[in-house]
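> Just so you know, the sequences run in chain order A and B.
Per my numbering, the first sequence starts with residue 1, numbered consecutively.
Per my numbering, the second sequence starts with residue 1, numbered consecutively.
Hints are computed from structural coordinates only; laboratory data are not their basis.
Treat the hints with caution; some may be incorrect.
[As the list claims (entries may be wrong)] Partial list, derived from the structure: chain B residues whose beta carbon lies under 7 Å from chain A:
1) Phe-30
2) Ser-32
3) Lys-41
4) Pro-43
5) Phe-45
6) Leu-46
7) Arg-93
8) Tyr-96
9) Lys-98
10) Pro-103
11) Gly-104
Even for Gly, the Cβ is constructed at its ideal location relative to N, Cα and C.
Here is how the chains run, residue by residue.
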Amino acid sequence: KAGVTQTPRYLIKTRGQQVTLSCSPISGHRSVSWYQQTPGQGLQFLFEYFSETQRNKGNFPGRFSGRQFSNSRSEMNVSTLELGDSALYLCASSLRDREGDTQYFGPGTRLTVL
Amino acid sequence: EDKVVQSPLSLVVHEGDTVTLNCSYEVTNFRSLLWYKQEKKAPTFLFMLTSSGIEKKSGRLSSILDKKELFSILNITATQTGDSAIYLCAVKRSSYDKVIFGPGTSLSVIP
């Protein structure tokens, strides 16, 4: 079974630009969560989608948004990029049943904002 | 506020040593605790613990949960350089709640 895939793997942007990251979950997984990981803050939860609906949201400004499509693929958008947005963005998928607590992570998108 | 605390934050050991990583938590409606290993890429799943006192083992790694004292430990015996990684502890509350990650323990195993 294919794992979680994320595109692009690396991205360089400048301040003020916007960016869209994509995540394809494991086949059959309907829940997709997004995380931002930085050396100083660790893994920070952004949001979670299930069946095209946002289930949970972390403490990030409105510049961070996401959506999920009917095939469970998800996108994350960051507008008006700031230097502090430079991070590894991880996507994780899971089932939504008794074993649904285990999240399987994609390889991440490394975003650098100049 | 819900939180997950890990200790130590970093650790350096020699190959062959045994290490114990700690994770304590304060969450309402606890459902499960998960351990992940992260090398230079995405975290990979190690264990999920839901019941107290039941040890989970995978090779040289083992983990146990104490729901009364609200903590878990991850043991690694006969460490190898390939065990060098960040070990993340995470807690999930209800089924529809987000997963809360701790800051991680950075383990370095030197030959």
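> All hints, please: hold or fail.
Tested hints:
no. : hint    : in the structure
1   : Phe-30  : violated (11 Å)
2   : Ser-32  : holds (5 Å)
3   : Lys-41  : holds (6 Å)
4   : Pro-43  : holds (5 Å)
5   : Phe-45  : holds (6 Å)
6   : Leu-46  : violated (10 Å)
7   : Arg-93  : violated (10 Å)
8   : Tyr-96  : holds (6 Å)
9   : Lys-98  : holds (4 Å)
10  : Pro-103 : holds (5 Å)
11  : Gly-104 : holds (6 Å)
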